[in-house]
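Number of protein chains: 2
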Amino acid sequence: MKLAVFGPGLLGSSIALAAQRRGDYRVSIWGRREEAVAELRARGIGHLASSDLAAVARDADLAVLCVPIGVMPELAAQLAELVPRTALVTDVGSVKAPVVAELGAIFRDTARFVGSHPMAGSEQQGLHAARADLFEQHVCIVTPDAQSEPQAVAEISGFWESLGCVVRQLPPEEHDEIAAAISHVPHLLAAALVNAVAGANPSAFEFAGPGFRDTTRVASGPPEMWTEILGVNRVAVKKSAEAMIEKLREFLTLLESPATGGDATMNQFLTSAKAQRDRLRVRA
Amino acid sequence: MKLAVFGPGLLGSSIALAAQRRGDYRVSIWGRREEAVAELRARGIGHLASSDLAAVARDADLAVLCVPIGVMPELAAQLAELVPRTALVTDVGSVKAPVVAELGAIFRDTARFVGSHPMAGSEQQGLHAARADLFEQHVCIVTPDAQSEPQAVAEISGFWESLGCVVRQLPPEEHDEIAAAISHVPHLLAAALVNAVAGANPSAFEFAGPGFRDTTRVASGPPEMWTEILGVNRVAVKKSAEAMIEKLREFLTLLESPATGGDATMNQFLTSAKAQRDRLRVRA
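Protein chains in written order, with this note's numbering: chain L, 1 to 284; chain G, 1001 to 1284.
Treat the hints with caution; some may be incorrect.
The following label-pair restraints were derived from C-beta to C-beta distances [claimed, not checked]: (1) E1224(G) to A77(L): 36 to 44 Å; (2) A77(L) to V1235(G): 51 to 59 Å; (3) A1054(G) to Q125(L): 34 to 42 Å.
Here are some chain G residues the structure puts well away from chain L; computed CB gaps all over 10 Å [unchecked claim]: (4) Q1020; (5) D1052; (6) R1058; (7) D1133; (8) G1262.
It should be emphasised that the hints constitute simulated quantities derived from the structure, not laboratory data.
Note that the Cβ used here is the ideal one computed from N, Cα and C, for glycine as well.
So that you can see chain L by itself, here it is in the shape it has in the complex:
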């Protein structure tokens, strides 16, 4: 099977490495910049690494778009003229409804498209952080819409499973609401927490322990990428962030009313959070 990966970042490079390790893929990877291509070659990422889009796209059985969502349509429009009509195409964008609508339209008559979102990022960026085991035991959400062929959905699911993912399916809109809740708003919270501490007392950072380190880890992620994600998913992000502020306000109200049993309800609030969090299963 000929796999073509477009984009030499953390996800693209890790997909290439994971597929190479399996052995049953012939992997080509495209990077726009020659420096990136040289690094891909130096690290042995891809059987072929090239900045020639046509060379990577031609003959692809499966094409995976791993570029920022803002440049996805432009790349897709070029690829639509290069990949075989039988090719299966997916992307790894963190927001799905607008990406699936645009890319679905672009590939409508030129290939078979189904959107994907592997939940396996990191605050680290670029091919230096690439790992062949990045996807193992992590969830990948495949997001078919009304236009998706069942056969294409099955094939793309099989691809992610072959890289070690646990595959789930969601409609693109539902994906975006869930991604806002479990990924986009947590990123925003981490950034807002860091900025709130910096604004109130920057020396506080010197006293931070493991709790603060983990709670804010994702705030080290690439700002351009996250600005784009939060902006593109703004409706769901706002809704989810408002729900979060409401929960915070609920707790602060309890905090002000210890005499009327606030402490018991605070304990319930924290006990309920612990019970839910203790059930969370995510690979370490």
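Following the hints, put chain G in place on chain L, whose structure we already have.
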């Protein structure tokens, strides 16, 4: 040097293990429940493990109170009649101003008291999670007040350094503001995030990746302990949580105004957070 540890939880047990590993402490540890004492003995925590308060307290050069802050004064009042007048006494409470005021008064004429807060907890609880290296390279905040003897402050700082801590000093009130910002509010955020997701769409947990896992890790901490901490430090927690909500609102306003350059300011918001977070140094 005779070290007496009161409380067999994560911190008490880890202090005992860390001191034993150094070899220059004779370590006694007290637990209220016989089951806990039996487990301490089974795991070899403390040269002496006992539920007899007097047996552990007598002859102590250094007494470390590692019980929940709500029962700290009661334990301190008993210990004040048991420890030698030359003993140095500290506690590991996560809130310092009220604890230091109460314990300082209790030990005023019976021992030498200085408060401490090792920033090395975990969402795990109890002696099963105890580790001799828990404190290594983590910050311990020592919180002298106007009544503290400089010699006692130096001795307690030396003790924490001997367990591997990086020691910093802060007045108790300043400690409580900083702890609210870097520990108590992050805990509240983690719990509120879990509860917000549970309220909106519990099935979202199934799709969570490493970002959500780390952002919410501390929400698995013991609810009773955290109810107490948040309640006792309620003024600083409220102030810090309001600053956090203000930062969130600042971002949400930008999110609604892309046409007026909101995206560029969102990028600045995230870039500033990343720059601060990248400078954070906390042992892994």
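Exercise for the section: Say whether it holds or is violated: D1133(G) keeps its Cβ farther than 10 Å from all Cβ of chain L. Expected result: At roughly 13 Å from the nearest Cβ of chain L, D1133(G) sits farther out than 10 Å, so the non-interface label holds.
Handout entry: Status of D1052(G), Cβ more than 10 Å from any chain L Cβ
Key = 32 Å, holds
Problem - Least C-beta distance from R1058(G) to chain L larger than 10 Å - result: The assertion about R1058(G) holds, with a minimum of 34 Å to chain L.
Practice task
Could you check the hint for me, namely that A77(L) and V1235(G) are 51 to 59 Å apart, CB to CB?
Solution key: Because 57 Å falls inside the window, the suggested range holds.
Practice task
Go ahead and decide if the range 34 to 42 Å is satisfied by the Cβ distance of A1054(G) to Q125(L).
Solution key: Hint violated: Cβ distance 59 Å, outside 34 to 42 Å.
Problem - Range agreement (Cβ of A77(L) with Cβ of E1224(G), hint 36 to 44 Å) - result: Once the Cβ atoms are compared, 58 Å apart, the range 36 to 44 Å for A77(L) and E1224(G) is violated.
Exercise for the section: Please confirm whether Q1020(G) is truly not at the interface, meaning its C-beta sits more than 10 Å away from all C-beta atoms of chain L. Expected result: 23 Å, holds
Handout entry: 10 Å cut-off, C-beta based - G1262(G) kept clear of every residue in chain L
Key = Nearest chain L Cβ is 8 Å from G1262(G), so the label is violated.
In summary, the structure is inconsistent with hints 1, 3 and 8 from the numbered list given earlier, while agreeing with the others.
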